[in-house]
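So the chains spell out like this:
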Amino acid sequence: KNQVEQSPQSLIILEGKNCTLQCNYTVSPFSNLRWYKQDTGRGPVSLTIMTFSENTKSNGRYTATLDADTKQSSLHITASQLSDSASYICVVSAGDSNYQLIWGAGTKLIIKP
Amino acid sequence: NAGVMQNPRHLVRRRGQEARLRCSPMKGHSHVYWYRQLPEEGLKFMVYLQKENIIDESGMPKERFSAEFPKEGPSILRIQQVVRGDSAAYFCASSPSWGFQETQYFGPGTRLLVL
Chain A
1 KNQVEQSPQS LIILEGKNCT LQCNYTVSPF SNLRWYKQDT GRGPVSLTIM
51 TFSENTKSNG RYTATLDADT KQSSLHITAS QLSDSASYIC VVSAGDSNYQ
101 LIWGAGTKLI IKP
Chain B
1 NAGVMQNPRH LVRRRGQEAR LRCSPMKGHS HVYWYRQLPE EGLKFMVYLQ
51 KENIIDESGM PKERFSAEFP KEGPSILRIQ QVVRGDSAAY FCASSPSWGF
101 QETQYFGPGT RLLVL
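Same order as they appear, the protein sequences are chains A and B.
Position 35 (the first sequence) corresponds to 35 in my numbering; numbering is contiguous.
Position 58 (the second sequence) corresponds to 58 in my numbering; numbering is contiguous.
Note that these hints are calculated values from the structure, not bench results.
Since we're looking at a predicted model, the values are computed, not measured.
Treat the hints with caution; some may be incorrect.
Once the Cα atoms are required to be at most 30 Å apart in a straight line, the calculated DSSO-like pairs of lysine-lysine come out as [stated by the list, open to error]:
1. Lys1(A) / Lys71(A)
2. Lys71(B) / Lys44(B)
3. Lys108(A) / Lys44(B)
4. Lys51(B) / Lys62(B)
5. Lys27(B) / Lys71(B)
6. Lys57(A) / Lys71(A)
7. Lys1(A) / Lys44(B)
8. Lys27(B) / Lys51(B)
9. Lys57(A) / Lys112(A)
10. Lys17(A) / Lys71(A)
11. Lys62(B) / Lys1(A)
12. Lys27(B) / Lys57(A)
13. Lys71(B) / Lys57(A)
14. Lys108(A) / Lys57(A)
15. Lys108(A) / Lys71(A)
16. Lys44(B) / Lys71(A)
17. Lys57(A) / Lys17(A)
18. Lys51(B) / Lys71(B)
Negatives, chain B to chain A, calculated, CB over 10 Å [what the hints assert, rightly or not]:
19. Lys44
20. Lys51
21. Glu72
22. Gln80
23. Gly109
The beta-carbon is built from N, C-alpha and C at its ideal position, and this holds for glycine as well.
Work the whole structure out from these sequences, hints included.
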């Protein structure tokens with residue numbers, strides 16, 4: 001069964017600190033992996049997208065890594081800001097389609113001043 | 001270029017009523033996707049439409065739910081005879097084309113509450 005699991009479920013860190021969120025997936029055939037940020041009450045916004053051959057991709061203070069062998073991905077946030085408080089969702093695309101996306105439940109990140 | 005628009009943002013219905021959720025994709029986007037998100041859960045794919053065509057509705061319940069994307073106007077997700085279990089956030093996304101690296105752009109969602 002195609003699944004995406006994320007950890008931790010929630011995380012609280014102080015402003016300015018770094019953090020890393022984890023994503024494990026069992027999706028076949030694998031096409032690509034995306035990280036989305038979802039602010040409370042808003043729709044998800046794409047942060048990164050990586051295909052099988054990409055190991056890392058950055059978007060500002062966000063850096064995503066992908067290990068296709070172990071089927072793991074991480075999202076590292078550097079020098080966190082209060083505006084980083086949101087849910088971060090790992091999404092894996094199965095096959096060669098854009099719409100067959102398997103969504104994780106997300107990690108709820110809270111940044112405290 | 002306005003983003004994906006959804007309305008209403010909040011909708012309250014009593015059991016047995018109908019709910020109509022509207023989605024206007026970004027300008028130039030002809031591909032629309034509907035998702036449902038229950039509290040504390042991830043998004044679940046419901047249906048994928050192109051103009052006047054349903055491409056994949058494998059995630060949509062067989063009864064009471066329907067979707068359309070007419071040649072003119074917004075995409076509509078229609079839920080007939082709503083039940084309490086339909087209470088959720090419904091998100092619409094759009095993309096300019098189909099492709100495995102294409103990004104989907106999401107609207108703000110419609111929060112449906114069934115009393």
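Check the hint pairing Lys57(A) with Lys112(A) against an upper bound of 30 Å on the C-alpha distance. holds (26 Å)
For Lys57(A) and Lys17(A), compute the direct alpha-carbon distance and say whether it is at most 30 Å. holds (20 Å)
Sort out whether Lys71(A) lies within 30 Å of Lys17(A), counting only the CA atoms. OK: Lys17(A) and Lys71(A) at ~27 Å, within 30 Å.
So if I understand the rule, the pair passes when the alpha-carbon distance is 30 Å or less; does Lys1(A) with Lys44(B) pass? Within the cut-off at roughly 15 Å; holds.
With 10 Å as the threshold, tell me whether Lys44(B) passes as away from chain A on beta-carbon distances. Violated, because the least Cβ-Cβ distance between Lys44(B) and chain A comes to about 7 Å, which does not exceed 10 Å.
Straight-line alpha-carbon gap Lys71(B) to Lys57(A), limit 30 Å: Violated: Lys71(B) and Lys57(A) sit about 38 Å apart, past 30 Å.
Are the Cα positions of Lys1(A) and Lys71(A) separated by 30 Å at most? holds (14 Å)
Over 10 Å from every CB of chain A: does Gln80(B) meet that, or does the non-interface label fail? holds (24 Å)
Lys57(A) and Lys71(A) were given as a pair; does the straight-line alpha-carbon distance stay at or below 30 Å? holds (16 Å)
Lys62(B) paired with Lys1(A) [C-alpha distance capped at 30 Å]: holds (21 Å)
Glu72(B): least C-beta distance to chain A exceeds 10 Å? Holds, since 23 Å exceeds 10 Å.
Please verify whether Lys51(B) and Lys62(B) have alpha carbons no more than 30 Å apart. holds (21 Å)
Violated hints, listed in ascending order, are 13, 19, 23; each of the other numbered hints is respected by the structure.
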